[in-house]
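The hints should help you fit chain B onto chain A, whose structure is shown.
Each protein sequence line maps, in turn, to chains A and B.
Just so you know, we're using my numbering here: the first sequence kicks off at 1 and counts up by one.
Just so you know, we're using my numbering here: the second sequence kicks off at 1001 and counts up by one.
One thing to keep in mind: the hints can contain errors.
Straight-line alpha carbon distances no greater than 25 Å define the calculated DMTMM-like cross-link-like pairs of lysine to aspartate or glutamate that follow [stated by the list, open to error]:
hint: 1; chain 1: B; residue 1: K1185; chain 2: A; residue 2: D222
hint: 2; chain 1: B; residue 1: K1227; chain 2: B; residue 2: D1109
hint: 3; chain 1: B; residue 1: K1227; chain 2: A; residue 2: D23
hint: 4; chain 1: A; residue 1: K185; chain 2: B; residue 2: D1222
hint: 5; chain 1: B; residue 1: K1009; chain 2: B; residue 2: D1109
hint: 6; chain 1: A; residue 1: K185; chain 2: B; residue 2: E1223
hint: 7; chain 1: B; residue 1: K1227; chain 2: B; residue 2: D1189
hint: 8; chain 1: B; residue 1: K1157; chain 2: A; residue 2: E223
hint: 9; chain 1: A; residue 1: K157; chain 2: B; residue 2: D1222
hint: 10; chain 1: B; residue 1: K1219; chain 2: A; residue 2: D189
hint: 11; chain 1: A; residue 1: K79; chain 2: A; residue 2: D167
hint: 12; chain 1: A; residue 1: K219; chain 2: B; residue 2: E1235
hint: 13; chain 1: A; residue 1: K219; chain 2: B; residue 2: D1181
hint: 14; chain 1: A; residue 1: K219; chain 2: A; residue 2: E182
hint: 15; chain 1: B; residue 1: K1227; chain 2: A; residue 2: D234
hint: 16; chain 1: B; residue 1: K1219; chain 2: A; residue 2: E235
hint: 17; chain 1: B; residue 1: K1227; chain 2: B; residue 2: D1167
Just so you know, these hints were derived from the structure itself, not from any lab.
Number of protein chains: 2
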Amino acid sequence: MKTETIEYKDGNVTLRGYLAYDDQRTGKRPGVLLMPEAFGLGANVKSRAEQLARLGYVALGGDPYGNGEELSDLPEAIKRATAILSDAGTARGRIRAALDKLSSLPQTDSARIAAIGYCMGGALSLEAVRDGAPLRGIVSFHGVLQTGIPAQAGKVKAKILVITGADDPFVPVAQVNAFADEMTKAGADWQIISYAGVKHSFTNPEAGSVGNPGIEYNKSADERSWKAMRNFFDEIFV
Amino acid sequence: MKTETIEYKDGNVTLRGYLAYDDQRTGKRPGVLLMPEAFGLGANVKSRAEQLARLGYVALGGDPYGNGEELSDLPEAIKRATAILSDAGTARGRIRAALDKLSSLPQTDSARIAAIGYCMGGALSLEAVRDGAPLRGIVSFHGVLQTGIPAQAGKVKAKILVITGADDPFVPVAQVNAFADEMTKAGADWQIISYAGVKHSFTNPEAGSVGNPGIEYNKSADERSWKAMRNFFDEIFV
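If we strip away everything but chain A, and leave its shape as in the complex, we get:
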């Protein structure tokens, strides 16, 4: 397997993504963009990119902030994430740049692209969906579901899989229900999976180090959601 840091641009911002693919395979393959949590592109998403590369995908970990910046402080991460997410135009531009880079790679089948995202990355993936990005599908893991610019009927091309913890204080049930309404009105093909007793960042083994009672790794939910994502990919990449 080959991994490398690759640069791409969103306007004046230089972004440093993490590319992983199986260089023993030939021919174009489906591409999967991974957008990370508010802490930036770190070890967990890089590891997931490598797992996806082993499954045969071209996997690109996207950089939300520029220069591959990673954050360690939760209030700072929330502040930086909010600065991007509070403006749908900025959010959409940031993920569009990453999708364009992934699609342009010689090993990527640009007709078969998906995005997955964690927390802020889930929100960014959903902004790409609302923006009408030509994606086969997106998966949001404990992603924020609200938006400043709701999806428009007929514009959504991607199938949507939202996976959320029932005890996630950042994604309360009212937000989940409002998202379902939004996407139903837009005519989207969505699925929502909710897990009992599961909190925010359930896919991140390091979640406990954040020191917030609403943020917690959950092995069962992590494994179930990864399997659900794989089934979803099997469906959308036929």
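Just chain B now, with coordinates in the frame of chain A:
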């Protein structure tokens, strides 16, 4: 594969279930009880039992009414289902009888039992859960989620997978949210999957013949939910 009608009793009522298993296999295998829709034990559930038998399970289609009675009229089916479901004691007795029969079969590993149910059968499966039945898990497909006797903390042994259509008029979102609250308070391990634009009876290819606009087969939801069930079985039957 071997299929046969087998009789069992709930009090004075003689029930006629449909048993399917692979008679080329030896040794005890996990058992799956299938409880049907309000129309009684018909072709769709018998076919599902055969599919589960091919997957290696001992599959028993349960009879909700006695003598294997099937109904064709929706108002009559709703009336008969309501008569069972409106009394939790009756409902629990009816499914307990089927689970006891399945567990007692020589080819069944009685420590590895699950139940799945469609519509009324989903409601019956959940009554078994609330009753503390020694199940590894249950799957409800477009099942009714409300009950007269909510689950008690510490009593639920089964893992729960609820799969529901977002446009199912028999299972509105308020009912789904109330169920989640009930089962969270009871400390249950539950998962809920909801599908956009999907109505009641989405697993039943004959659903259209009922002539009710809220009842409709959905091939995508049928296939997705079957796959989710198989993943769930892989998890609970380890």
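- [ ] If any of the earlier hints don't hold here, list their numbers in rising order.
- [x] 3, 14
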